[in-house]
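> Single-letter residue listing:
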Amino acid sequence: MAAVSRGSVRINVEECKGCGLCVDSCPPKCLALAPELNAYGVHPAHYAGEGCTGCGICFYCCPEPGAITVYRMPAPPRATEAAHATTL
Amino acid sequence: MAEYEIIHEKSPVFYERYERKNELQHQTHYCPGCGHGVAHKLIAEAIEELGLQERTIFVSPVGCSVFAYYYFNVGNIQAAHGRAPAAATGIKRACPDKIVISYQGDGDLAAIGTAEIVHAANRGEKITVFFINNAIYGMTGGQMAPTTMVGQASTTSPWGRRPANEGFPLHVSEMLATLEAPVYIERVALSDNKNIMKARKAVRKALELQRDGAGFSLVEILSPCPTIWKKDPVEARKWVAEKMIPVFPLGVFRDRKVEIPRIDVPQKTVAEALELCETPGQRLAPHHHGKPCTIKVAGFGGQGVLLMGIVLAEMGMREGLEVSWLPSYGPEMRSGSAHCHVCLAKERIGSPLVAHPEVLVAMNEQSLRKFAPTVAPGGLILYNRDSLPPDFAVSHARVMCLPASEIADKLGSAKVANVIMLGALLEETECMSPETAMTVIGQMVRKPELLKLNGEALHAGRVFVDHQVRVGAVSQPDGFAY
Amino acid sequence: MRQLCKGNVAVVKGAVLAGCRAYYGYPITPASEIAEYAALYIPEVGGTFVQAESEVASINMVYGAASTGVRVMTASSGPGLSLMQEGISYLCGSELPCVIVDVVRGGPGLGNIAPEQSDYFAMVKGGGHGNYHNLVLAPASVQEMADLTMLAFDLADRYRNPVIVLTDGFVGQMMEPIELQVSEVNPPEKPWAVKGTPETQNNLISSIYLEPDDLEKHERKLEQKYKLAQMLETRLETYMTDDAEILLVGYGIVSRVLRSAVDEARAQGLRAGLLRPITLWPFPSKALAETAARCKTVLTVEMSTGQMVEDVRLAINGKVPVELYSRIGGNVPSVEEVHARMLECAGAEV
Ligand SMILES: Cc1ncc(C[n+]2csc(CCOP(=O)(O)OP(=O)(O)O)c2C)c(N)n1
Ligand code: SF4
Ligand code: SF4
Ligand code: SF4
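Here the protein sequences line up with chains A, B and C, keeping their order.
The first sequence runs 1 to 88 under my numbering.
The second sequence runs 1 to 482 under my numbering.
The third sequence runs 1 to 350 under my numbering.
Please keep in mind that the hints were generated in silico from the structure rather than gathered at the bench.
Fair warning: there could be bad hints in the mix.
As the list claims (entries may be wrong) - Here are the simulated DMTMM-like cross-link-like pairs (lysine to aspartate or glutamate), alpha carbons at most 20 Å apart as the crow flies:
| no. | chain 1 | residue 1 | chain 2 | residue 2 |
| --- | --- | --- | --- | --- |
| 1 | B | 346 | C | 214 |
| 2 | B | 205 | A | 24 |
| 3 | B | 194 | B | 45 |
| 4 | B | 205 | B | 19 |
| 5 | B | 10 | A | 14 |
| 6 | B | 21 | C | 264 |
| 7 | B | 346 | C | 213 |
| 8 | C | 217 | B | 232 |
| 9 | B | 370 | C | 336 |
| 10 | B | 205 | B | 23 |
| 11 | B | 194 | A | 15 |
| 12 | B | 268 | C | 36 |
| 13 | B | 231 | A | 14 |
| 14 | A | 29 | B | 192 |
| 15 | B | 21 | C | 86 |
| 16 | B | 10 | A | 36 |
| 17 | B | 230 | A | 14 |
| 18 | B | 238 | A | 14 |
| 19 | B | 21 | A | 24 |
| 20 | B | 346 | C | 223 |
| 21 | B | 268 | C | 184 |
| 22 | A | 29 | B | 232 |
| 23 | B | 21 | C | 223 |
| 24 | B | 21 | C | 336 |
| 25 | B | 268 | C | 44 |
| 26 | A | 29 | B | 19 |
| 27 | C | 190 | B | 48 |
| 28 | C | 125 | C | 223 |
| 29 | B | 198 | A | 24 |
| 30 | C | 217 | B | 19 |
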């Protein structure tokens, strides 16, 4: 039985330009370019549905403002995150 | 999925749909893998997180990012190629409490706009500049940029950039960091996730500093341009790390608080500033009504020639006349000689140029020789010597020689020779009253001892004329014999 | 209160009275006093003065300031105006109001600093790229330097377009009495401006229209605006034109000489009159054509090799002979010269 992944991503297929930067950047390698073409003739990024840690790396590597949305299971805040939060 | 929370999504600082775009309104116009998009996201996120959206004005450049206004849901102004820092200056000065962003490519900022960025930085304009360095001209199709690296081929450096022909790449951050005013300059790269996270921090910090009114901040962002580099996006990003970073090292080049000395300007009302308020004595009851006259005053610069003309014009105005004063100006003054035209008239003055003056005040020989022939028939020449040069004769006008400079020396300052001449002119022509002259001079000369000297000078000029032994006196139409 | 004032200083006083609180400029003779007095007066009334690094920068600072809706100006002379042409084209394309003063000097190139009227083409006909016009006002006295600068701000706001005050070294440098009054300034609302506020967040200042149809629409809109200005804004002054046989046409300092020349001619029995355009764009073509129709000859006098005369000829359209008398290099036509030329023209007519 596969464990539920901590994170998840949603690719907006219409907005994705298939540049592959997210695929290259994802540490657990859970993204791939889809074999099928989207309406604009590119292979959009595709999340296999498993393995995402919700690290957000793909989001920052992606040049399109809305191509990727990253989700994560709520977790008890870690020390570093708490520190970061106070600077917001 | 229900228990998942969104942690990263499209920033509301971007428009939901890019309606200013003609087509494909849900995606940017940038090429796949272009660094502009990543930079946009970092900026949007920072604006959002700092809560600046409603007070941000974004200046887009000319270059691939010319259409940044398609995306950023903030106030947008599109500027000419290279001029964004100048436009941003005008904006920030008009709206000092707003957040002004100048977003520029390397051609825009480091070539055509070099002067604008250097001077905006040097003035310490409280703006934030995001400088996208992709070592190439993207929009125009791959010509050499000032940041193109040695050996890097472009359509205008087909053999690679040859320093012997086009010089070396420009290091903008290093260059600007030599200036006094900037508070923050950092170079970051969009080469990999780690560096993108550093870029994210830098972008945020630059905007924070502006929010806090700190001063000029600039973030140089090494950014991939896969299309022109002819690399796929992943390779292009690696190329930033492998080729660009060695040439353009990352790091903070300036991060300090700059104390800028303040010199405050005294604040006035409009009337005070423009000197529209009447000061006592400024309006003179015209107990004397001036007579029309055209006058030319000529001499060396430094003899107070122009000033004497201004005094005459000011006097005329106070005596209810129409007046004009027209100087010779510019290098002519530097080269030594100066003259001015003064018209005193009852009616609206046509030409303020006095081609044939009724009175010529010649403060030196050169002026005498130059202008005496132009004096109107029957006019008057006042010459600053005790006699005319031996080879010089005037038959069409009266000449009065008075050694004003010598008299002035005796009074204690060569500077008042012009006032002596003024006294003589008033006494001889009676065009305006000496009291008016003193009122006007009193307005210009504040020091009591200088005012006294000027009074003596005016008097001396008048007395000289009074005591003139008039040789060959001819009765004039006004009944006086001169 | 009457005060003796220099032309260039009167420009700044007029500007401040018109509510201008932003000046960006670069020094050049014979316009420098405008920058110098702006540097003095404008900060004293709470405004901004910045000496830019070049005229290229100053016009773009003007662009930025105008985008936020404030009244803003700059001034220069020929060489500086050449550098500003790109910016002026952008200002027109983006429909931004501002006032630009050109105190014309001699040229081309570095030329000299003496007065000429040789920037007529550059300012009136354009000089920058694209389909645009500047509104151009030509003062002939120090009072008008102030008055027309004030008017320029109103026109700029009304038409959302740069307005040029085209003058020359003589009008800029000379002193005459002026009367000025502080009065309340009410510039129109500028809902299009970008001010960094929620209300103006969706505004965009730009001159880009990628689609041919969009750009055509935009340029047609500008065209309509210019047509309206041509209908409503022509200004001119005439002197003794009712019975004139010979009509003198000149603007700025030349019109002053021509006024004296008319007096001189009339004193000698020649029925001369003067038409002085105050707006060079829109050019008072209709009034000129009507006035000229009653005359035998038109003599245009210019301190250029003949720039405005083209508009005079277009207006008169061959109905009356149009002659040109020109002095250049900093030489100003004298009353005698104009008179002699008038006699020639009149002689040719008989
Ligand atoms: C005065 C002027 N000269 C030239 C151009 C043409 N032009 C447009 S963009 C550009 C270069 C843009 O390169 P860069 O600033 O590096 O931006 P990028 O497109 O790479 O993002 C040039 C030369 C112009 N628009 N205006
Ligand atoms: S959030 Fe991290 S783990 Fe998940 S897809 Fe993106 S890069 Fe991969
Ligand atoms: S980085 Fe963005 S645009 Fe590129 S493939 Fe991934 S989702 Fe698509
Ligand atoms: S040409 Fe280069 S800089 Fe321009 S959009 Fe494409 S990738 Fe980006």
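> To test your reading of the hints: which numbers does this structure violate?
Failing hints, ascending: 1, 2, 4, 6, 7, 8, 10, 11, 13, 15, 16, 17, 18, 19, 20, 23, 24, 26 and 27.
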